[in-house]
Every structure is written in structure tokens, then in C-alpha cells.
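Trainee: Residue numbers (numbering that gives the first Met the number 0), protein chains in the order written: chain H, 0 to 582; chain A, 0 to 189.
Calculated from the structure, these hints are not laboratory results. It is possible that some hints are incorrect.
As the list claims (entries may be wrong) - Among the chain A residues that face chain H by a calculated CB cut under 7 Å, a handful are:
1. G46
2. G55
3. D56
4. S64
5. E65
6. D69
7. P84
8. T96
9. L116
10. E118
11. I124
12. K125
13. F158
14. V162
15. I164
16. L184
What the hints assert, rightly or not - Heads up, simulated DSBU-like pairs for lysine-lysine below, C-alpha to C-alpha not over 35 Å straight-line:
17. H/K273 <-> A/K57
18. A/K122 <-> H/K550
19. H/K271 <-> A/K57
20. H/K547 <-> A/K57
21. H/K547 <-> A/K125
22. H/K518 <-> A/K136
23. H/K123 <-> H/K273
Here the structure is a predicted model, which means the values were calculated and not measured. A virtual CB, placed ideally from N, CA and C, is assigned to each residue, including glycine.
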Amino acid sequence: MKQLLIGNAAVARGLYEAGVRVVSSYPGTPSTEITEFAAKYDEIYCEWAPNEKVATEVAFGASLAGARSACAMKHVGLNVAADPLFTMSYTGVRAGMLICVADDPAMHSSQNEQDSRHYAIAAKVPMLEPADSSEAYNFAKAAFELSEKYDTPVMMRMCTRIAHCQSIVDTGERDNMDLLPYEKQPEKYIMMPGYAKKKHPVVEKRTEMLTAFAENCDFNKVFIAPGSEIGIVTSGTCYQYVKEVFGDTVSVYKLGLINPMPVKSLIDFAGKVKRLIVVEELDPIIENHLRNIGLEPEGKSLFSNIGEFSQKDIKKILLDKDEEKLCADTPVPNRPPVMCPGCPHRGIYYVLAKMKLTVLGDIGCYTLGATPPLCALDSTLCMGASVSGIHGFNKARGAESEQKTVCVIGDSTFMHSGMTGLVNIAYNASDSVVIILDNSITGMTGHQQNPTTGYNIKGDPAAKVDLEKLCGALGINRVRVVDPYDLAECEKAVKEELAAREPSVIISRRPCMLLKYVKAKPALIVDADKCRSCKSCMRLGCPALSIKNGKAAIDFTQCVGCGVCEQLCAFDAIKEANTDENR
Amino acid sequence: MKTVNIMIVGVGGQGSLLASNLLGHLLLKEGYDVKVSEVHGMSQRGGSVVTYVRYGDKVYSPLVSEGEADYIISFEKLEAARHAPMLKLGGQIVVNTQQIDPMPVITGAATYPDGILEELKAKGIKVDAIDALSLAKKAGSVKAVNIVLMGRLSNYFPFNEEVWIKAIEETVAPKFAQMNKTAFLLGRSN
Numbered sequence: 000m001k002q003l004l005i006g007n008a009a010v011a012r013g014l015y016e017a018g019v020r021v022v023s024s025y026p027g028t029p030s031t032e033i034t035e036f037a038a039k040y041d042e043i044y045c046e047w048a049p050n051e052k053v054a055t056e057v058a059f060g061a062s063l064a065g066a067r068s069a070c071a072m073k074h075v076g077l078n079v080a081a082d083p084l085f086t087m088s089y090t091g092v093r094a095g096m097l098i099c100v101a102d103d104p105a106m107h108s109s110q111n112e113q114d115s116r117h118y119a120i121a122a123k124v125p126m127l128e129p130a131d132s133s134e135a136y137n138f139a140k141a142a143f144e145l146s147e148k149y150d151t152p153v154m155m156r157m158c159t160r161i162a163h164c165q166s167i168v169d170t171g172e173r174d175n176m177d178l179l180p181y182e183k184q185p186e187k188y189i190m191m192p193g194y195a196k197k198k199h200p201v202v203e204k205r206t207e208m209l210t211a212f213a214e215n216c217d218f219n220k221v222f223i224a225p226g227s228e229i230g231i232v233t234s235g236t237c238y239q240y241v242k243e244v245f246g247d248t249v250s251v252y253k254l255g256l257i258n259p260m261p262v263k264s265l266i267d268f269a270g271k272v273k274r275l276i277v278v279e280e281l282d283p284i285i286e287n288h289l290r291n292i293g294l295e296p297e298g299k300s301l302f303s304n305i306g307e308f309s310q311k312d313i314k315k316i317l318l319d320k321d322e323e324k325l326c327a328d329t330p331v332p333n334r335p336p337v338m339c340p341g342c343p344h345r346g347i348y349y350v351l352a353k354m355k356l357t358v359l360g361d362i363g364c365y366t367l368g369a370t371p372p373l374c375a376l377d378s379t380l381c382m383g384a385s386v387s388g389i390h391g392f393n394k395a396r397g398a399e400s401e402q403k404t405v406c407v408i409g410d411s412t413f414m415h416s417g418m419t420g421l422v423n424i425a426y427n428a429s430d431s432v433v434i435i436l437d438n439s440i441t442g443m444t445g446h447q448q449n450p451t452t453g454y455n456i457k458g459d460p461a462a463k464v465d466l467e468k469l470c471g472a473l474g475i476n477r478v479r480v481v482d483p484y485d486l487a488e489c490e491k492a493v494k495e496e497l498a499a500r501e502p503s504v505i506i507s508r509r510p511c512m513l514l515k516y517v518k519a520k521p522a523l524i525v526d527a528d529k530c531r532s533c534k535s536c537m538r539l540g541c542p543a544l545s546i547k548n549g550k551a552a553i554d555f556t557q558c559v560g561c562g563v564c565e566q567l568c569a570f571d572a573i574k575e576a577n578t579d580e581n582r
Numbered sequence: 000m001k002t003v004n005i006m007i008v009g010v011g012g013q014g015s016l017l018a019s020n021l022l023g024h025l026l027l028k029e030g031y032d033v034k035v036s037e038v039h040g041m042s043q044r045g046g047s048v049v050t051y052v053r054y055g056d057k058v059y060s061p062l063v064s065e066g067e068a069d070y071i072i073s074f075e076k077l078e079a080a081r082h083a084p085m086l087k088l089g090g091q092i093v094v095n096t097q098q099i100d101p102m103p104v105i106t107g108a109a110t111y112p113d114g115i116l117e118e119l120k121a122k123g124i125k126v127d128a129i130d131a132l133s134l135a136k137k138a139g140s141v142k143a144v145n146i147v148l149m150g151r152l153s154n155y156f157p158f159n160e161e162v163w164i165k166a167i168e169e170t171v172a173p174k175f176a177q178m179n180k181t182a183f184l185l186g187r188s189n
């Protein structure tokens, strides 16, 4: 059946048809929908794991048990999963296993722009790279045969423009693969030195075999344009930009198997063209391979290793052509992403900003607290780094710092990798204040359940981690809960915990305003007669608040009646509307 | 046929994804090759959002670049101005006259430009402005701005009304179908 699917949904369909039985992942843009769509198939057991390392090991366990399995993550998630990845390359698999990793060139929703292809090369596992949804579907299916034939986990590299682009997929039926019988094979699956030493040569031999396979495999496509002097080697979304600009007028070597890359067939291709050009986003992986096999391509001498491309870049750089365009002369103000109206993070951030504290931040919606007017954050590194970081910060600067520094971390991020940092704070004794921003969901990636929400990926009730008890068990004696809509309560709690001479955790708890079960209150209104234009309310950075004709104004289409701005108005100018006719 | 390039732009949370899904669904049913490219995540949070819809006999790139868009559907005035350089010479903008202040305007770091649509028109850009918010309210929900705009856009395409209505029925949740159909027809006729 022909369907319009985003790349991630196409991958999920491929997993389904390949007979996959187990999928475990941690959400991360742009990879999240792979697992969300897989969860729609009753035949696949799907779960949100606490982090990518756990997810990858769950998928490994399922493969060991004889079930085809998969996991999905964003590029930075692969850093967390790198530990099992590198040794799974040695153990290989029982049933086929696919690791989907989605890169984010241009950092639409990421903290760095790393290129996952390095991992496939370093871990010595094959990596596929589809160029549209149809290929994402086909490659996901074919990955399992490759995995089983060569006894290796297989990686598939997506990028934002493949993962989140809908294109046409012609889907088929599920192949219900039987569970393979479990066999105890210590020399294959126990990677202690004696056995691992025997496996490394197997890995090297496998790469040789895969390189031979790559010479002539269906994943790679070669198109020779008669009479063309230009030959372009490319892969993934870049292939589409090349075809958009050149159609069939240049020769193209499209790599679908991005690791290992072939040797002989690329040399043959180069021999047929005068000018060999590599078009690839981010790092010169293909280009370096071509150089290693003795070719002299143009690549990063022409194209940037920063950001993503489009057909415009290809046109400009290779054809020196630009499209004509018109625009207004008046500058257009930026529209950066902001915390939503009614966001529970806003209240606690207002308090932290007001108290002029140093705030170590983490990964999630709440990173948006860094932007004006709140400017409440001092650092954001990676998942969990706020909790580990504040300990180091306080150890370096001592007691004075402990009384004016806090860290903030979301509930899901705390489960992912904040807990170990908190153990360190308790064990190695810094009087740090950790604020868990518990909005009862994984927000930034679009509302995924996590171990603190009480529901699983299917929305069914599940065991719920009790954050208060957990923090207590990790060695923190001072644990308290505040409502971030109550500014006075938040300020009191933060003051008291900063003053305490022992580590403490403040759980700022209120569900994300966008959750379906959270009901908005009627929009508030401003009594223009009472408003003195002091702009106190504007310090919140709420998108529903603005100044109109010199007075505060509330946009009724956006306001959810959270009442935080009401607490900042000294003149009682902000109040509930008498009617809710506007909603 | 040549590939037709459409951009749907707006502010995160305005429902541009539903509009692009509707369009993609309709074009698939009409037998075209289609690509719909969207960005999830950070850009949804009240930021500027862009969706690309491309259709034709064979579509390669999922993106529309500067000077290539045949149509820009903007859910907000400022966003129309921001993305105007994406428009092909002779291309058409369909824009909702709603104003949503971005954070730099709210904080006073920037000002919302007055008469921005008039300025675009003065440059020779074809601008079709519509108060989609009022029409959406009339249809029953301020959230139907997206479908009102699809109604307005439909006037520029050769597909008949039934095709659009069917696509709406197949794309939106059944309980909102009637309201969205009303919104579509209000956009199409006003």
C-alpha cells in the first residue's frame, strides 16, 4: 500500500515487517517517532528505557535470546550507548539487531552537530544511510539479513531531513520470524580478555568481507551519465540535493552502505570521470576514504563541514547560480523558541533569576530559561551534567558558592543520568542544591512517558518511581516539594535549602501545560485603568504578555490562566475575566 | 510537470503540521510524487516554524530554497515577511493578518514593524491577506486558523471542493471534522 510516511515511521514499518519483536529506546529529536510508531504495532514489544545505554543493552539481550530487535536514539544518545556498542561489535548477534541513530546537522534541536559515522567506523560495524522514506523502510528491513549474515549489529544513520520528511512508501506484510532457540555460547558472548582476544581478528575479517560485499551491493547505486565529466559521490539527503540540481546530467555514486565503503568500484567510478566531487554534510568521511584509497576528490575544499545543505548550496558552489528574490527592507525581529504560556518552569526560573543565583542547567525544554528576559542559566552541557557539574563547581569554590548556586534538571533527564551525579553529591559531600523540574513527562521531545510518570509507552499504568523516596535512598536527607506556580513558596524553599549545610533536593512539581489532562483556566485580563506600566509582569517572558499602547496586555488565544503574572502585579491590574467567551 | 513548491510558515503551536499533513494527503491521493518536510522539537516552542511541501512527477529534495517557493502560506504577518525571500519571482503569499509578538518584541529589544504587508506589496510581491482568526472563531474554534488558510489557498489550486473536503475528513479527528469543514469553506469563500 502506498503511504506518505515520515522517515521515522518508515523505519518503524520496516522493523515491523522484518519480524522485530523488541524495541527499546530513549526519546531524542529527531529519532523519537521511530519508537512511537513501532509501539503502534501490537506484535512488537516497545518501551522507553531510562537512557540509551539501557535501551541498547535491552535490544542486545533480546537478540541474544533469539528475537530480532532494535533501538533508536539521537546522535548524542549514541555517546551514552557507545559502551555496549563497541563490545557488541565483538560478540555479534544471535538474531538480527539494528541501532538507529539520527543526526541533526544544523542543530534544529540539539546541543552539538556530531557525525555518527565516526562511531560505525570506530566500532567496526556496518552502517546504512537511507535517502528518503522508501529507503528507510527498505534498509530497516534489509538490515536484519545483513546483521544475521555477518553476525554483527547494524547501524542506520538518519538525519533530520530524512527522519522528519514525509515521502511515499509502498509497504508490505510482516514476516513473523520465529524466536531462534537460545544456545549458551560463552566464547561468543562473554567478553573477558581470553575470549575477546579471539574475537578481535573475527571483527577485522568481517570488515574485509563487508568491504567486498560493498563493492557490488544493492545498498549502493551507481549512475553513469554518458558524456559527463563530473562524478559525484554522495549519500543520504545530499543525494537528493545533487539530483535536484543535476538530474541525470552528471554521474553519481550513491552510497547506501556508508561503512564499510567499497574500494574497487569507487576507483572504477573515479576512472570514468574527470572531476570527482564528494557532497556530504558534516565531516569528510567519504572524502577521507577516497583519499585513503588513493583518489583525489574535491570535497570540503568546496563544501562546509558546518550545518546542513540544500539544493541552493549545490547550485551556488558547483554552478555559481543563485535564484532571484525579493524582500522587505524593514528588519524582521527574530522569533526564538520560548517556554509555553503556563509552563511550570517559568515560575521557578523567575525566582532563581530574581535571586541572581548561578544555575547549572541540563537538557530539555527548560534550557529555554537561558533566553531573555529570564536569562536564568549559566551552563548546559549534556544529559545529567547539571547534577555532576554543580558538585565540581561547589568543590572548586567552597561554602560561599554552595549558598548561591543551584542546578536544575528535568524528571526524565534525572532518570536518564542525573541519579548517579546525585549519589556523588551525597557520597562525596557537597552542600549542593539540586532542583528537579518535575513536569511529569518528557517534554521537549513531544511528551513521552518515563519511569516517574506512572505510565508506559502504550499509556498503560506502570510502576512509578517515587522521586522523594529515591532521592532519600540515594543519601539526600533534605528533600522537599514545591509548586512552581507559587512564587513565594518557591523563593522560601530555595533560600532555606541554600542556607542548609547539607545537600538537598527541591522537586518543583507541576505537570506540563500541554498535557491533555491539564485543563487551562480562562485567560486573564489586564485592567488598563489599574496598570501603571511598571512592566514587572514582562520579566516573566510569557508569550501571552505584551505591552499594547503603553499598558500590559494579555493575548487571550495564548493565556492559560496560570496566574503567575498576577503574583507580580503590585496594583491588582491582572485578574480573571468575568466571562470565557474568548475560549 | 515542474515541481510545485509550497511553504507553510507560522509560530510553533499554530497547527501548521496539520495543514501540511492535509496538503500532503490530498496530493498523494491526486497521484503526485510528494515530499513534506517538517522540523519537530525545539522549533515548536513558540518559535518560527517552517514546513515544506513539494509535489510533481518526481520530487528529489525535501527542502525549498531561497527564490524557489511558488506559494507561501503564513499563519502570521511577521513570518510572511521573514520568509518572503524564499518566494519565487511572481510567487503568491497567502497570509493571516494575525500579529503574534515574538519574545524580542515582548522584552522591548525589538519592535514589531508596522505595515509590513504593505511594504511587501510595494515591492511587487503578490500578497493575499485574510483575517483567518476571526473566521476560525466564526467556525467554532480559534485553533481552526490552519484550515481557514487552507481554504483560502485552495482557490489557487485546480482541485475541486470535494477533493479538499474529503482530504479534511481523512486527516482530522472525526469530532472536529464538521467544524474544520466550516472553517475551510469560510476561508475559501471570504
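Trainee: Hint by hint, note whether the structure agrees.
Mentor: Comparing the hints with the structure gives:
no.	hint	result
1	G46	holds, 3 Å
2	G55	violated, 11 Å
3	D56	violated, 12 Å
4	S64	holds, 4 Å
5	E65	holds, 5 Å
6	D69	violated, 12 Å
7	P84	holds, 4 Å
8	T96	violated, 14 Å
9	L116	violated, 9 Å
10	E118	holds, 5 Å
11	I124	holds, 6 Å
12	K125	violated, 10 Å
13	F158	violated, 16 Å
14	V162	violated, 16 Å
15	I164	violated, 19 Å
16	L184	violated, 22 Å
17	H/K273 <-> A/K57	holds, 29 Å
18	A/K122 <-> H/K550	holds, 34 Å
19	H/K271 <-> A/K57	holds, 27 Å
20	H/K547 <-> A/K57	violated, 49 Å
21	H/K547 <-> A/K125	holds, 30 Å
22	H/K518 <-> A/K136	holds, 20 Å
23	H/K123 <-> H/K273	holds, 32 Å
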